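**Student:** So the sequences go chain by chain: A, B and C. Mapping the first sequence onto this note's numbering, position 194 (from 1) lands on 194, and the numbers just tick up by one. Mapping the second sequence onto this note's numbering, position 33 (from 1) lands on 33, and the numbers just tick up by one. Mapping the third sequence onto this note's numbering, position 54 (from 1) lands on 54, and the numbers just tick up by one.
Where hints are given, some of them may not hold.
Derived DSS-like pairs: lysine-lysine, alpha-carbon spacing no greater than 30 Å straight-line [to be verified]:
| id | chain 1 | residue 1 | chain 2 | residue 2 |
| --- | --- | --- | --- | --- |
| 1 | B | Lys-71 | A | Lys-130 |
| 2 | B | Lys-59 | A | Lys-422 |
| 3 | A | Lys-129 | A | Lys-96 |
| 4 | A | Lys-273 | A | Lys-234 |
One side of the interface only, derived from the structure: several residues of chain A facing chain C at Cβ under 10 Å [stated by the list, open to error]:
| id | residue |
| --- | --- |
| 5 | Asp-267 |
| 6 | Leu-386 |
| 7 | Glu-406 |
In short, the hints are calculated from the structure, not lab data. The model shown is predicted, which means the values in this text are computed figures rather than measured ones. No residue lacks a Cβ here, since even glycine has one placed at the ideal position from N, Cα and C.
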Amino acid sequence: MALKKTSPFLLSLLAAAALTGLTTVSAQAQGVLRIGMTASDIPLTTGQTDQGGEGMRFMGYTVYDGLINWDLSKFDKPSVLTPGLATSWGVDATDKTKWTFTLREGVKFHDGSEFTADAVVWNLDKLLKKDVPQFDPRQSAQGLSRIPAVASYKVTGKYSVEVITKTPDATLPYQIAWVMMSSPAQWEKLGKSWDEFAKTPSGTGPWKLTAFVPRERAELSPNAAYWDKARVPKLDKIVLLPLPEPNARVAALRSGQVDWIEAPAPDAVASLKQAGLTIVTNAYPHNWTWHLSRAEGSPWNDIRVRKAANLAIDRMGLKELLGGLMIPAEGFMPPGNQWFGNPTFKVKYDLAEAKKLMKEAGYGPDKPLKTKALISPSGSGQMLPLPMNEFVQQSLAEIGIQIDFEVVEWNQLINIWRAGAKSESARGGTSINFTYFVQDPFTGLIRHLQCNLVAPNGTNWGHYCDPEMDKLFNDVRNTFDAKEQDKVLQKIHEKYVNEALFLMVTHDVNARAMSPKVKGFVQAQNWFQDFSPITMAK
Amino acid sequence: MLIYTLKRLLYVLPVAFGVSVVCFLLVHITPGDPLTAVMPIDASAEQQAAMRAAYGFDKPLPVQYVIWLGKVMIGDLGTSIASGRSVLTEVSRAVSNTLILSAVATAIGFFFGCLFGFVAGYYRGSAVDRIASALSVLGVSVPHYWLGMVLVIVFSVQLNWLPATGAGPGGSADWTWNWEHIRHLILPAITMSVIPMGVIARTIRALVAEILSQEFVQALAAKGMTDRGIFRHVVKNTAPTALAVMGLQLGYLLGGSILIETVFSWPGTGFLLNAAIFQRDLPLLQGTILVLAMFFVLLNLLVDVLQTALDPRIQRA
Amino acid sequence: MAVGALDGKIAIAPIQVSEGYWRGVVRRISRDPVAMIALVIIVALVLMAIFAPYLAPADPVRGSMLRRLRPVGTPGYPLGADELGRDMLSRLIFGARLSLFMGVTPVLAAFVIGSGLGICAGYIGGKLNTMIMRTIDIFYAFPSVLLAVALSGALGAGLTNALVSLTIVFIPPITRVAESVTTQVRNRDYVEAARASGAGGFTIVRVHVLGNVLSPIFVYATSLISVSMILASGLSFLGLGVRPPEPEWGLMLNTLRTAIYVNPLVAALPGVMIFITSISFNLFSDGLRTAMDVRQ
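All chains, please: the whole structure from these sequences, using the hints.
**Tutor:** Dropping the structure here:
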């Protein structure tokens, strides 16, 4: 412990610090970027990360690659899939459940071992096969629900893998993009221990994890040998600091403790701008909603109550609360999205209509509807959960829906979300405030509402089941033509909105605040971002 | 003296035992199944039973307690559910950070507490006494987490002199006693020092006043003993109590740092407790509380023994 | 920890309640200006809590985003508006209800339970004393903030759980004081004399022990109210006490924290209320102790 240090030692340390300071000035031409994250801990470092989308952003696509990656180089249009560790993939012309992935040759993990088809199978096994030694319950808990289509897989050559899906599923590439490839050789070398692997992980990504203090800090250094030369990082180092408290992040940025913060508190935006800091925003496929329970006894089974709740929310007032940093919801997908379609139920603020609907449903001022909602004080993409939920609570109280909150920590909320509305861990909550990644058909739409995806098979939290919806989902999976697939997805979204299946509140604009010294950052319309082109001005 | 120390040691054992029982039971007063958080979501019924057996939850409570205690004795506090890391590692890192903070805070509080207490007691009833007493009442009455917020508003937000959060530019891992790190310590330490300052000042004031009113001191003064002599007498007689109060205050700060650490994001035990509570990370909660409580029990013992050694007037059975 | 009254060694001497004692106490305390000011403030706070619906200019729970974080002195919002556009003055007034309730209830409950335990232990003595006091020692071995946080952390957030946790925190010190005072009284001449004159155990307890013992315990308990106020609001501040949207000062401080960059004055107000309440209880308790001549 530091208390023991004697003063001569202290002096020599000071001298050493001064010297390294001098040398680093010349060596660190491109600088160090220090980022304040919203997570309360460093995300899981072994491959499949925890801490939601933010975990994948900072510890997933940085240290690791998927077979398929996201193209994060454009800020002006929705991002699309791009080859990662697989150079190409495709479904069999006759058997629509059989997919072939051709792998990139000559890719090395950070530990120097080679990436081959064996590694792909090994990594899928770590998530799916409980009886193999590398099965990791922690990663499996994160990754299992991402790839529900996968039935089996095998090596068909040193650089080719075959994946068989349970049923024909055109959304497989989106699912596969979630799976991060960890190094089997490193895991073997560290005594087959994921705990050890977590300390010195090895992937193929553009960044290597070089230092790691749990709960406090992680350092990423460039992988100079990255296979995509265009994405070899220019910075010398990224330092990740968990700062879950919004005030702490703002204070840290303003006092120069960090150069970049995720999700600045809306209240602080004006003062940050005044202090000469940059606020970066962009639309992205995000949805802040209350996922409603459709289990027996839930008041949300009544469509009139669902519609009334959607009409009771003053979204412009909420925008005021968020300093303008939001896009009011008009449906489940953000307005203008390619899958938005043309729903007949207009999501807007109409108290009179909402009260009328509540009356029809049998509620009134003397007979309020009382129910419980699960919320978390922080979390990836959750914006400002406490005041926002309190705002929703207030809005709903106007039409006689009295909400009692059960407040739990974000990771715990994720666990409750996975366990489903009927589980004991939901503690009787009939809705859960969650932020959804609505970037691809499966994670955006299908996984929330398909009958067979209730816990433990998936994340249909509310136990919703409608054969008509299931048929539409099936059509998406069987439509391998992109344009046609979009049309089916529009129909699905129309059904989402017309039946008010969620409490549709708002979409985030992905705000981050940074020092003007941060150069070269391109904010993609995506949950994930590319840190490779960034440099730090002096 | 030796016999007293031994007796005191023997007395600590049942207390430590009781404390361990309370910590053990904490997990069992928690509503719901403590395992739901650890269990994989898709665990089958057999897996759940296996898990229950692995954690020993299938055995009767006293048996579970003995097994748990056995592990604790060899330093195995279990594994954190949220991070998958050993609780002992997490707690020991956090304890050293909290120790830095609370030791500095106690030192500041001790210095100003003694100063105010002496002045007030010496000039009892004067204006100086009133001011010093008022300050010490403020110290014990102010909600310190609020004071922390106010200090952040003034010194970090308005003046931008001192950082508002964290334990230094590189986290606590490379903590050194240089300005870069000490800057981060100033606001939380001052906030924290307010309570020991108030408590110590009140204690010292009463003590000094009492000693000065003793007949023999007044007699000595009447006989022309110098102020310096009287002062020395007072110091000699207040020191043991002052030190004892300081020791106890250090213990209270170690155990009660949660509010301050939350306000300042200081990566110590309080911060850890906060995380453990909201993540329902029961092994971590249990381990942290056990370590802190044991620390406090031992510190109490140490203070008692030292006080007896320093102050032979205290007669103990 | 918050707080002087709880720590260190507590040794309080019993008092002897004689004829005219209470008149003397009232006379003495009414001449203590500091204690009287503190008392006036406490009474005002209690009245404010009771008559909150008549005093508050607006609804403490309903707000409007358009008025959020209005500064102090805005027309119609004398103390500004909070992060959801609710009138701060009304919320502070209503906040007195829960905050005082959370501060006073645990001390009252602990006073009843702790005195009972302590007097039993002190008067009956022997094995019962050992049993009660050793159990109390175990809880005394936890720093009070830690015990409160651990208990309410394990029990889960909520008003009831917070009250239970705080009561458990205050039982050990009160029991200790009660036990030590009772033991001292038991050996006093007048109790011995009563016993010698053939008075029954119950009568002795009722006439002598309760009269002379409860007063000092009561004085001690009043000094704990300020501690309890700070601890209770601290639990709410951590998210372990009252839940939104209830107005409670500690919780208000918590939810207003993001506003310290926009409107620091409004964000600091709930803390001022906690401070005023806590210091008034402390000063009044000090005055009461002097007036009742309870020696520590």
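**Student:** Decide, hint by hint, whether the structure agrees.
**Tutor:** Hints versus structure:
For the proposed pair Lys-71/B and Lys-130/A, the alpha carbon gap of about 28 Å is at most 30 Å, so the pair holds. Note on Lys-59/B and Lys-422/A: the hinted pairing holds, with a Cα-Cα distance of about 28 Å set against a maximum of 30 Å. At most 30 Å may separate the alpha-carbon atoms for a hinted pair to count; Lys-129/A and Lys-96/A meet this at roughly 24 Å. For the suggested pair Lys-273/A and Lys-234/A, the alpha carbons sit about 27 Å apart, so the restraint of at most 30 Å is met.
Here the hint on Asp-267/A is kept, as its CB sits about 5 Å from the closest CB of chain C, short of 10 Å. Annotation: interface hint on Leu-386/A holds; nearest CB of chain C at approximately 6 Å, less than 10 Å. Given hint, Glu-406/A at the interface with chain C, holds; its Cβ is 9 Å from that chain's nearest Cβ, closer than 10 Å.
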